[in-house]
Amino acid sequence: MAANNRRTPLERVEYAIIVSTLLLLVVVTVQPLLNLLAVSLSDPAGLPGMSGMEVLPRGLSFDVWTLLINHPNVRAGLLNSILITGLGTLLNIIFTALMAQGLSWPGLPGRRILFIMVLVTIVFDPGIIPDYFVNKRLGLLDSYWSVILFKLVNARYLIILIRFFEEIPQELLDAAELDGSNAFQTFWYVVLPLAKPALATITLFYIVFHWNEFFRAMIYITDQGKWPLQVVLRQFVIGGDKLAIVGVDAANNYTGASQIDLRALKAGMIILTIVPIPVIYPLILKFFTKGTMSGALKG
Amino acid sequence: MLFTSPVFWQVLVNTLIISGMKMLFVFPVPIVVALMLNEVRSGSLRKFIQSAVYLPHFLSWVVIAGVFIVALSPSDGVVNDITGFFGGQPKSYMTDTGAIRWVLVFSEMWRSAGWDSLLYLAAIIAIDQALYDAAEMDGANRWQKILYVTIPGIVPTIATLFILNAGMFLSADLNRVINFSNDVVRSQIDIVDTYVYRIGLQTGEYSLATAAGLFKAVLGMLLILLAHLFSKRLTGKGVW
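Taken in order, these protein sequences are the chains called A and B.
In terms of this note's numbering, the first sequence opens at residue 1 and continues consecutively.
In terms of this note's numbering, the second sequence opens at residue 1001 and continues consecutively.
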């Protein structure tokens, strides 16, 4: 393809078709999200008759967002999600890194067996019922820990990290040892700094995993005050339980949230739940797809 | 008891139909997307397209279901606005027993067609450039290069992903179905996983639910083995 200066008209047409198909794909992907954003930001007066095709708000109003941010259920959901994601990811990284360090040491006794046991967790899924009983017996029901501790070490990310640790030249580790550093110091001052790109990648993936988790929170956490945002969103949008957000009193007296268009409220709630993803998305692209994307540039 | 339950056979059939539709209509899409992306010459254009189409992979099924409920709404959803523009009658896809399985298939496509293409794209990039140069020397055009160089080059990747998909054949994704389900269409998209969840955690018939779960796991293992043998015979590549 490189230096193809003698392209025939047919090839130009083909190229145009390929690019337009891909651009159509982009529109199909992004348009529904932009529409939701636009609906949530529109002036209430502009909402009736606003088409699902529109991607720009009609007028500008932050009523929906003010209400959502100040809503007790949404606010609790937001805080719970942040707690679960923050603490969960921190523990994920600590345990994944420590385990990767151990498993990447060639002299580890029983290394092969341990490796196979790790791989087994990728292939076999215990199923919902055994999982439920484990959580029940451990007394984790209705606790944040039932969500936080799940997949504390994700085998896929563990393997990524092990491969990365194995690439670190043995000479560096030997040199550190000669300088009198113990195993932990070598890990902290030599291995971890070198593994920064890999650590960043798996951190981002753990963040996305925790933020998007809803099923376990839904079945294990019965106290609504501990629900993460995803479950609040599910109850409101999927379950169609508008009272969850609007509130019984407000609905009866036609005050507060009941005055806001339900459609705009739903749109705002969906976008609010998405917000962290676009924030960290550029980082994901930077770290994870760097190789693929830059490698794609053929000379 | 499990095998005499008519509901169980119904959910098994549903699972097979939904997974079959996924295999047929979703599985090939990322391959095509990757082949098309590989043809895009401008690096910044390709990056722009990639950034957009990878995004839905990072959204939860609750969010995706929410997006689809809004987009498919009969009153102001984008899909009905478009069909309405061409004179179609508004249709409530989410509560249409004939359409809901297609909604599931399309939601899967929307979520993963972009991201899954990344694996194929990586495989395409790994193909030796000299093969393309040689093909060009022999006067191969774009399609001949795709057909005789690119596709044979990514067959191992296709085979691996096919086998992994076959292993998931009986899963059909609980998280997705649970969010797209509602009382009207439940009979159409009730799958083994939602059945296990319902009779196990909601009704409390633990032993029956565990049996169904185990049945699914064993069958899934057999499917992986079958797909592995099938792929080995066909392409000479298996997973191990």
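Since the hints were derived computationally from the structure, they do not count as laboratory data.
Note that beta-carbon positions come from the ideal geometry of N, C-alpha and C, so glycine has one too.
Misleading hints may appear alongside valid ones.
Said to hold, decoys possible - Residues from chain B that face chain A, not an exhaustive set, calculated with beta carbons under 10 angstroms:
(1) L1059
(2) V1067
(3) D1138
(4) G1139
(5) N1141
(6) V1184
(7) Q1188
(8) A1209
(9) T1210
(10) K1216
Unchecked claim - Where chain A lies over chain B, by a calculated footprint (3+ residues, C-beta under 8 angstroms):
(11) 1016-1023
(12) 1028-1042
(13) 1060-1066
(14) 1087-1096
(15) 1106-1112
(16) 1192-1201
Here is what the structure says about each hint:
no.: 1; hint: L1059; in the structure: holds (6 angstroms)
no.: 2; hint: V1067; in the structure: holds (5 angstroms)
no.: 3; hint: D1138; in the structure: violated (15 angstroms)
no.: 4; hint: G1139; in the structure: violated (12 angstroms)
no.: 5; hint: N1141; in the structure: holds (8 angstroms)
no.: 6; hint: V1184; in the structure: violated (12 angstroms)
no.: 7; hint: Q1188; in the structure: violated (17 angstroms)
no.: 8; hint: A1209; in the structure: holds (5 angstroms)
no.: 9; hint: T1210; in the structure: holds (5 angstroms)
no.: 10; hint: K1216; in the structure: holds (8 angstroms)
no.: 11; hint: 1016-1023; in the structure: violated (count 0)
no.: 12; hint: 1028-1042; in the structure: holds (count 7)
no.: 13; hint: 1060-1066; in the structure: holds (count 6)
no.: 14; hint: 1087-1096; in the structure: violated (count 0)
no.: 15; hint: 1106-1112; in the structure: violated (count 1)
no.: 16; hint: 1192-1201; in the structure: holds (count 5)
The structure fails hints 3, 4, 6, 7, 11, 14 and 15 (numbered hints given earlier, in ascending order).
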